[in-house]
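Engineer: Spelled out, the chains give:
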Amino acid sequence: MTHENLGIVLQGDGVSEGIVLGTVARWDRHETLVEHVRLPESLVNAEVSRFHDSIARAEREIDELYVSLTAAAMGTTEGEHLGLLDAHKLMLRDPSIVNDTERYIREEHLNAEWALSMTLKRLESMFAAVKDPFFRERGQDIHHIGERLMQFLAQSGDEVPPSPLSQLPQGAVLFAHSLSPAEALAASRQKVAAFVIEAGSTSGHTAIIARSLGIPAVVGLQGATDVAGDGDRVIVDGFEGEIVVRPTQYEEILYGRRANRAKAVRRAVRQNRTLPAETPDGFSIVLKANLDFAAQAPHVDALGGQGVGLYRTEFLFLDRVRPPTEEEQTAAYVSVLEALRPHPVTIRTLDVGGDKLIRFSGPEHAGLRAIRYCLANEELFLVQLRALLRASRHGELRILVPFIAAPFEIREVRRLLAQASEQLAARGIKHAPNIPVGAMIEIPVAALSAEHLAKEVDFFSVGTNDLMQYTMAIARDTASPDYLTNPLQPGFLRLLHMITRAGHHAGIVTAICGELAGKPSFAPILIALGFNELSMTPESIPLVKEVIRRTPRSEAMALLQKFGNMSAEEAKDYLDSYMVEHFPDIVTPRFRGAPHYMR
Amino acid sequence: MDPTRRELVIPNEKGLHVRAATALARTAGRFAAQITVTRGEERVDAKSIMGLLLLTASQGTTIVVEAKGGDAAEAVTAIGELVESGFYE
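Protein chains in written order, with my numbering: chain Z, 1 to 599; chain L, 1 to 89.
Hint data in this document are derived by calculation from the structure and do not stem from the laboratory. Any given hint might turn out to be false.
What the hints assert, rightly or not - A short list of chain Z residues far from chain L (calculated; beta carbon distances all over 12 Å):
#1 H88
#2 K89
#3 R93
#4 Y104
#5 R136
#6 H177
#7 Y255
#8 Q306
#9 H431
#10 S449
#11 E570
Unchecked claim - Here are some, though not all, of the chain Z residues that point toward chain L, as calculated from beta-carbon distances under 10 Å:
#12 D13
#13 M91
#14 P95
#15 K131
#16 D132
#17 F134
#18 F135
#19 I142
#20 E252
#21 L254
#22 R257
#23 A259
As the list claims (entries may be wrong) - Far from chain Z, some chain L residues (derived; all Cβ distances over 10 Å):
#24 R43
#25 V64
#26 Y88
Virtual Cβ for every residue (Gly too), placed ideally from N, Cα, C.
Make the full structure from the sequences, and use the hints.
Structural biologist: Shown next as structure tokens:
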């Protein structure tokens with residue numbers, strides 16, 4: 001794949017959300033030209049007090065910044081970044097700056113600027129010689145405060161020197177190696193469109209200012225100032241932490257869509273976060289989140305989710321020499337259960353093997369995946385089941401078993417669960433009673449035998465990605481023609497319908513936790529098919545909920561009925577135009593002709 | 001035991017980094033005594049945040065706090081408490 005006709009894409013950390021298209025304004029901190037003057041004896045005292053005066057003014061500026069930043073960081077946990085301002089204030093009065101500078105003025109009759117620059121150069125070179133990068137980068141702070149002192153020295157009286165950032169053009173995206181708090185605030189007052197900062201760890205204050213004012217910001221972009229020139233067009237994506245320098249027309253259109261979607265999500269969250277996911281004709285559906293880490297839990301509530309429909313446990317197992325202990329696993333499960341309480345959390349048992357490799361799997365089990373692997377490694381599986389049972393008293397636990405092919409496997413899981421329970425009882429450990437056990441439906445044969453499986457489990461959760469892959473006989477990670485990955489294939493829709501119907505007959509919940517669940521345009525189809533729960537990445541919840549709240553189920557049913565007589569391609573086109581017509585605020589027309597490229 | 005001299009081990013994860021160095025310099029600044037912090041061969045003014053940062057004392061490093069002057073003992077006690085608490089992090 002060639003990239004020559006594409007913009008330069010750089011990946012950093014998005015620290016403030018939003019997407020903008022703007023023009024690059026590079027901010028190179030130019031060295032202030034320092035004059036060297038020998039003073040007559042009579043002026044020395046005045047020079048010393050001029051130096052002290054500049055310190056006092058710089059100190060006052062930091063105090064003012066502290067007030068604006070505290071207001072900006074109010075109610076957030078970002079107070080720690082403000083500590084940097086406190087450190088800057090101490091540095092201004094640091095004996096190693098004040099005493100040396102004063103000595104140069106008094107003993108060598110130097111002007112304050114020259115004396116200060118000698119002091120700063122010496123300090124900076126000391127920091128530059130430090131081996132530990134963690135400490136070495138503090139040299140930047142000396143640079144920041146030194147620059148500001150110089151500017152105050154250059155100005156007489158109470159005048160505040162204008163920030164060099166005051167001439168930013170409209171819509172400027174500020175590219176800098178690093179910004180001092182004063183510079184970041186000055187830039188934000190210039191209506192800067194976005195911040196792009198090369199340094200990462202020292203950019204906390206820039207992030208606070210950016211977030212509080214809703215300015216997108218990406219930090220930790222090494223080399224950004226080298227690839228971009230003043231006036232270049234640039235896309236800054238503060239959600240993904242990505243920038244595109246000199247984007248092509250295609251990229252601009254794609255990013256425009258991303259920006260619209262981001263706006264739609266924000267609007268939807270404001271509108272429906274606390275409202276139920278219910279169609280206008282009263283059909284309710286539960287929206288949940290797919291999570292990998294307990295740390296993501298706050299997003300679920302913030303975006304209006306009602307619990308976790310899929311918590312993957314693979315991350316506990318991947319990349320390690322030994323499997324995690326019962327204690328480690330218990331702690332992980334407890335933290336996610338407690339974070340989501342009182343909402344339920346569905347934890348999926350280990351899904352490794354096949355193409356998901358773990359380091360400690362022996363060669364004898366090569367090729368066995370998920371429940372097949374676990375049943376072949378009962379001891380390892382029992383550890384996980386014990387950890388799940390132990391965690392069950394800390395919230396609303398549901399256990400989901402992946403890759404189920406036959407009812408026999410569920411019976412085995414229940415037998416092992418009983419065994420795990422006995423093992424715990426022997427140690428005097430109790431657990432919650434009647435923990436629901438569900439089957440992941442992702443193998444065609446499981447869908448075909450859903451009626452039998454429904455008698456064995458408490459719920460179904462459909463994994464659409466694998467189900468699609470195995471149903472259409474396509475290889476993972478290989479580009480397949482569109483028609484093979486189109487979920488609107490009549491046969492695939494029929495398969496999904498078989499699952500929900502079997503669930504309804506047995507009176508159990510049928511959920512869906514594959515990628516399909518998070519696509520707003522498929523929400524009407526999933527409602528019509530009769531799914532009770534949709535679980536998706538947390539960010540998808542607001543838009544999916546918005547579509548559900550505005551689509552009567554009767555209308556969704558009519559749509560599904562039409563699809564029965566259409567080819568998958570016709571159905572896709574029909575669905576697209578239906579969405580554009582009914583949800584112009586959420587979807588944008590499909591852009592045809594954009595090059596297919598991957599990052 | 002000499003109340004104006006104390007050996008301390010930096011307990012917190014980030015070591016004597018910005019926040020901790022700020023706290024130490026501020027604490028030292030409350031006292032009239034001349035206070036120094038030594039790490040190995042290197043000795044700095046405890047009231048200088050720059051000096052403290054330049055010690056690059058990471059977690060587990062041993063430092064020696066010494067003070068001279070009227071309130072030397074109080075200063076060493078206060079700094080000792082601060083360090084041993086892990087800078088209240």
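Engineer: With reference to the structure, classify each hint as holding or not holding.
Structural biologist: Hint-by-hint comparison with the structure:
no.: 1; hint: H88; result: violated, 9 Å
no.: 2; hint: K89; result: violated, 9 Å
no.: 3; hint: R93; result: violated, 9 Å
no.: 4; hint: Y104; result: holds, 17 Å
no.: 5; hint: R136; result: violated, 8 Å
no.: 6; hint: H177; result: holds, 19 Å
no.: 7; hint: Y255; result: holds, 37 Å
no.: 8; hint: Q306; result: holds, 36 Å
no.: 9; hint: H431; result: holds, 35 Å
no.: 10; hint: S449; result: holds, 53 Å
no.: 11; hint: E570; result: holds, 60 Å
no.: 12; hint: D13; result: violated, 19 Å
no.: 13; hint: M91; result: holds, 6 Å
no.: 14; hint: P95; result: holds, 5 Å
no.: 15; hint: K131; result: holds, 7 Å
no.: 16; hint: D132; result: holds, 5 Å
no.: 17; hint: F134; result: holds, 7 Å
no.: 18; hint: F135; result: holds, 4 Å
no.: 19; hint: I142; result: holds, 7 Å
no.: 20; hint: E252; result: violated, 41 Å
no.: 21; hint: L254; result: violated, 41 Å
no.: 22; hint: R257; result: violated, 42 Å
no.: 23; hint: A259; result: violated, 36 Å
no.: 24; hint: R43; result: holds, 13 Å
no.: 25; hint: V64; result: holds, 19 Å
no.: 26; hint: Y88; result: holds, 12 Å
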